[in-house]
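Visitor: These are the residues of each chain, in order.
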Amino acid sequence: MTESPITRVARATPEPVSRRVRGLSDRAIAWIFVAPTIFLLLAINIFPLIWTIRLSFTNYRANRLNREVEWVGLRNYERILTDDGIWMNMQATAHFLFWTIVLQVLIGFTLAWLINRKFRGNDLITTIIVLPMMLSPAVVGNFWTFLYQPQIGLVNYVVEFFTGIPANSFSMLGSVTLAPWAIVIVDTWMWTPFVMLICLAGLRSIPDYIYEAAEIDRASKWRQFWTITVPMVLPFLMLAVLFRGIENFKMFDLVVQLTGGGPGNTTLLASIDLKREAFEKWRTGYSSAYAIILFVTVFGLASIYVKALNKVKER
Amino acid sequence: MTDFVTGLLRFRRGPWELVASILIALGVIMLMQPFALWAYTYSFIVTLTGTVMFIVVSHFPE
Numbered sequence: 001m002t003e004s005p006i007t008r009v010a011r012a013t014p015e016p017v018s019r020r021v022r023g024l025s026d027r028a029i030a031w032i033f034v035a036p037t038i039f040l041l042l043a044i045n046i047f048p049l050i051w052t053i054r055l056s057f058t059n060y061r062a063n064r065l066n067r068e069v070e071w072v073g074l075r076n077y078e079r080i081l082t083d084d085g086i087w088m089n090m091q092a093t094a095h096f097l098f099w100t101i102v103l104q105v106l107i108g109f110t111l112a113w114l115i116n117r118k119f120r121g122n123d124l125i126t127t128i129i130v131l132p133m134m135l136s137p138a139v140v141g142n143f144w145t146f147l148y149q150p151q152i153g154l155v156n157y158v159v160e161f162f163t164g165i166p167a168n169s170f171s172m173l174g175s176v177t178l179a180p181w182a183i184v185i186v187d188t189w190m191w192t193p194f195v196m197l198i199c200l201a202g203l204r205s206i207p208d209y210i211y212e213a214a215e216i217d218r219a220s221k222w223r224q225f226w227t228i229t230v231p232m233v234l235p236f237l238m239l240a241v242l243f244r245g246i247e248n249f250k251m252f253d254l255v256v257q258l259t260g261g262g263p264g265n266t267t268l269l270a271s272i273d274l275k276r277e278a279f280e281k282w283r284t285g286y287s288s289a290y291a292i293i294l295f296v297t298v299f300g301l302a303s304i305y306v307k308a309l310n311k312v313k314e315r
Numbered sequence: 316m317t318d319f320v321t322g323l324l325r326f327r328r329g330p331w332e333l334v335a336s337i338l339i340a341l342g343v344i345m346l347m348q349p350f351a352l353w354a355y356t357y358s359f360i361v362t363l364t365g366t367v368m369f370i371v372v373s374h375f376p377e
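If you read the protein sequences in the order shown, they are chains A and B. All residue numbers for the first sequence refer to the numbering used here, where the first residue is 1 and numbers rise by one. All residue numbers for the second sequence refer to the numbering used here, where the first residue is 316 and numbers rise by one.
Since the hints were made in silico from the structure, they are not lab data. No residue lacks a Cβ here, since even glycine has one placed at the ideal position from N, Cα and C. Heads up, a few of these hints could be off.
As the list claims (entries may be wrong) - Residues on chain A that point at chain B, a partial pick, calculated with CB under 10 Å:
# : residue
1 : A43
2 : N45
3 : M88
4 : T93
5 : A94
6 : I293
7 : V312
Said to hold, decoys possible - If you only want the chain A side, here are some residues facing chain B, beta carbon under 8 Å, derived:
#  : residue
8  : L81
9  : T82
10 : Q224
11 : F299
12 : G300
13 : L301
14 : S303
15 : I304
16 : K307
Given the sequences, and given the hints that come with them, work out the whole structure.
Guide: Next comes the structure, spelled out in structure tokens:
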């Protein structure tokens with residue numbers, strides 16, 4: 001009779017080790033396996049969070065280590081929450097967040113719905129659509145700055161072709177009205193495939209027999225779409241919105257590469273401003289308070305979103 | 316409406332979570348709206364209250 005792999009592993013375990021392990025309960029063994037993860041989580045996530053909260057009540061500056069650290073209470077929070085400039089940055093972040101999510105969901109879902117139909121070259125087209133999200137944000141930012149170039153950029157010539165507006169008469173990245181839209185377009189171009197893939201997974205999880213039953217009941221295509229497709233893809237769509245929402249709230253690299261926060265401060269997102277306060281102006285205590293405000297906002301939003309997601313899944 | 320108030324008085328999770336969610340959403344809107352600076356100023360305290368409340372009330376019975 002052949003031995004099972006478990007018996008072979010047990011036999012191969014050295015006697016001193018097996019004697020020691022034999023004395024441990026299942027609970028103790030479980031703790032041994034979980035302990036490294038818990039330790040890492042505490043060291044990398046929880047401790048820095050608590051430390052940041054502590055620093056947010058001080059005037060600590062990371063570039064002046066010998067300076068005495070003073071407890072300033074809520075002064076950092078007060079200064080941030082009465083600052084016109086930061087208020088403008090929050091509005092720029094809201095504009096970026098709202099429009100990227102709306103466009104990515106609409107275009108991503110439409111693409112997924114089209115790709116889900118069986119046709120020749122389906123796999124090739126899916127691969128081509130997914131390509132942008134495989135690129136590095138720094139690379140994407142760099143080549144879109146060339147595409148947006150008023151003299152040689154392709155985008156201006158396309159706009160001229162369709163609207164007749166001279167290509168060199170406007171600059172997407174240099175105009176205060178166009179720059180916020182320019183970053184929305186690039187992020188949408190890069191991350192719509194991600195939303196499309198999640199929607200595609202949702203669409204492919206719908207069994208065919210539901211549509212067949214609807215056909216038998218003489219439900220129109222339009223009704224099938226609203227009563228079968230949309231409700232069954234909704235949890236997937238909400239998950240995509242959660243991922244993109246959190247990701248775009250802390251968007252940094254792409255926008256820094258494209259506009260660096262300019263012109264003026266029109267595309268200065270909260271995360272870019274936070275980085276400047278923390279690592280260019282070295283106001284560590286102040287930037288810790290800024291980070292805590294952003295953290296509480298994202299955490300609160302994620303909490304209600306996860307609750308809504310669970311409710312949709314229960315239906 | 317009566318059910319909602321009864322749920323609040325009996326410390327049930329559903330209505331209290333709804334109140335916390337409304338506070339969080341209100342706080343985020345206040346943080347990012349372009350109309351009033353005072354709303355921006357008080358946004359963090361509203362969001363923080365909602366978030367802490369959400370964590371606490373999610374342990375209430377159904």
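Visitor: Look at each hint and say if it fits the structure.
Guide: Status of the hints after comparison with the structure:
1. A43: 23 Å, violated
2. N45: 17 Å, violated
3. M88: Given a least distance of 8 Å, the restraint on M88/A holds.
4. T93: 7 Å, holds
5. A94: 4 Å, holds
6. I293: Because about 5 Å separates I293/A from the closest Cβ in chain B, which is inside the 10 Å limit, the hint holds.
7. V312: With a minimum Cβ separation of about 15 Å from chain B (threshold 10 Å), the hint on V312/A is violated.
8. L81: 5 Å, holds
9. T82: 6 Å, holds
10. Q224: The hint is violated - Q224/A has no Cβ within 8 Å of chain B, the shortest such distance being about 32 Å.
11. F299: This interface hint holds because 6 Å falls under the 8 Å limit.
12. G300: 4 Å, holds
13. L301: 6 Å, holds
14. S303: The hint holds - S303/A has a Cβ within 8 Å of chain B, the shortest such distance being about 5 Å.
15. I304: 4 Å, holds
16. K307: It holds, given that the least Cβ distance between K307/A and chain B is near 7 Å, below 8 Å.
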